Amino acid sequence: MPDTDFGERTEQATPRRRRQARERGQVARSHDLSAALVLAGALALLNLLGETVFRRLLTLMRSYLACAYEVEMSAAGAQNLLTTTLARVASVLAPLLGAVGLVAVIACLLQVGAVFSAHPLTPDLGKISPLKGFRRIFSSRSLARLATSLLKLAIVGGIGYVTLRGDLDRIVGLAGAGAWEIGASTAALIFKLGLRAALALVLLGLADYGFQRWQHERNLRMTRHELREEFKELEGDPYARARRRRIQRQLALQRMMHDVPRADVVITNPTDLAVALRYDARTMEAPRVVAKGAGYLAQRIREIAIRFRIPIVERRPLAQALYRTVEVGDQIPSNLYKAVAEVLAYVYQLNRRPVPAAA
Numbered sequence: 535m536p537d538t539d540f541g542e543r544t545e546q547a548t549p550r551r552r553r554q555a556r557e558r559g560q561v562a563r564s565h566d567l568s569a570a571l572v573l574a575g576a577l578a579l580l581n582l583l584g585e586t587v588f589r590r591l592l593t594l595m596r597s598y599l600a601c602a603y604e605v606e607m608s609a610a611g612a613q614n615l616l617t618t619t620l621a622r623v624a625s626v627l628a629p630l631l632g633a634v635g636l637v638a639v640i641a642c643l644l645q646v647g648a649v650f651s652a653h654p655l656t657p658d659l660g661k662i663s664p665l666k667g668f669r670r671i672f673s674s675r676s677l678a679r680l681a682t683s684l685l686k687l688a689i690v691g692g693i694g695y696v697t698l699r700g701d702l703d704r705i706v707g708l709a710g711a712g713a714w715e716i717g718a719s720t721a722a723l724i725f726k727l728g729l730r731a732a733l734a735l736v737l738l739g740l741a742d743y744g745f746q747r748w749q750h751e752r753n754l755r756m757t758r759h760e761l762r763e764e765f766k767e768l769e770g771d772p773y774a775r776a777r778r779r780r781i782q783r784q785l786a787l788q789r790m791m792h793d794v795p796r797a798d799v800v801i802t803n804p805t806d807l808a809v810a811l812r813y814d815a816r817t818m819e820a821p822r823v824v825a826k827g828a829g830y831l832a833q834r835i836r837e838i839a840i841r842f843r844i845p846i847v848e849r850r851p852l853a854q855a856l857y858r859t860v861e862v863g864d865q866i867p868s869n870l871y872k873a874v875a876e877v878l879a880y881v882y883q884l885n886r887r888p889v890p891a892a893a
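Position in the sequence shown (first residue = 1) + 534 = the numbering used here.
Note that these hints are calculated values from the structure, not bench results. Because the structure is a prediction, the values reported are computed rather than measured. Careful: at least some of the hints might be erroneous.
To be verified - Restraint-style ranges between C-beta atoms, simulated for each label pair:
id : residue 1 : residue 2 : range
1  : F765      : Q833      : 33 to 39 Å
2  : G700      : L737      : 18 to 24 Å
3  : L591      : D701      : 22 to 28 Å
4  : V587      : E715      : 48 to 54 Å
5  : A721      : R747      : 33 to 39 Å
6  : T617      : L698      : 38 to 44 Å
7  : A815      : L761      : 42 to 48 Å
8  : F725      : H565      : 45 to 51 Å
By construction, the Cβ of each residue, glycine as well, lies at the ideal position given by its N, Cα and C atoms.
Based on the provided sequences and hints, a complete structural model is requested.
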């Protein structure tokens, strides 16, 4: 019967497929959530460090204005001034920018963990194809992202409108205020507006992250044919494995049949089961099962025993217990010592051999 779902991805991804996708950098990640978390973190850091940074920048500006007349008006002097200014501004902004960068790293780690892959950097000529580019622009995924962007714009715009409308009287009242009060009020208003927008964007980002995970799992799904091919790669061809197992069983059967002529007794059920035992008091602590079988294999063991004149004793409960609990090559368990010793004693009496003391 043909595989009707040969091309349908109906099976969950295997751990190997997930690992390969992760090595290629294909993970479930929301850029919207990362951007929203960075925005929220930057606003929180500005609220915490903003006044300190502003005062340090103000002090730096005053120091430059105070010694402006000392600046050498030449190309070398301008270059030196620019270099010095950039270095000092960078030293002031470094803690804030470093903290924002740390927030960005944490936002990525929270979503996908540590992923290092150079695969996305590999050149792909298909990406510069005009036809494929046109298809990507007007694909359903691009249209969905456009709709999401318009939704975010509408939400942020609505939040801005509500925030500004609520503080309209306060904004109008700043008309006669001083510069410092206007700056402080404007910064507070911008912070409140940004914080509300950031929280809304975080909620949208969480929804987008859930969608990205769902889509990632859907893209990782496999067909039954892919599952079989992966199983072959990991475990080998099933026909070859079956052939190896068949050969191993044949070799084990040959070894087992080779040991039957060395047995001391064969215990039967009487026809369904056969267990061959051997005991050497000098080298064995207890009797050992050298062969066992059911059905046709039991018949073969009995035939070999008859050919080599190995005693066959019918003990149904003992044959069943030995067949179920003892593997070929193992010693019998202590709870069967007494029953096996009785059988061996009977066999040794038939053969007029002394009964070993250890038996």
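The hints, checked one at a time:
no. : hint                      : in the structure
1   : F765 <-> Q833: 33 to 39 Å : holds, 38 Å
2   : G700 <-> L737: 18 to 24 Å : holds, 21 Å
3   : L591 <-> D701: 22 to 28 Å : holds, 26 Å
4   : V587 <-> E715: 48 to 54 Å : violated, 20 Å
5   : A721 <-> R747: 33 to 39 Å : holds, 38 Å
6   : T617 <-> L698: 38 to 44 Å : holds, 41 Å
7   : A815 <-> L761: 42 to 48 Å : violated, 55 Å
8   : F725 <-> H565: 45 to 51 Å : violated, 24 Å
Violated hints, listed in ascending order, are 4, 7, 8; each of the other numbered hints is respected by the structure.
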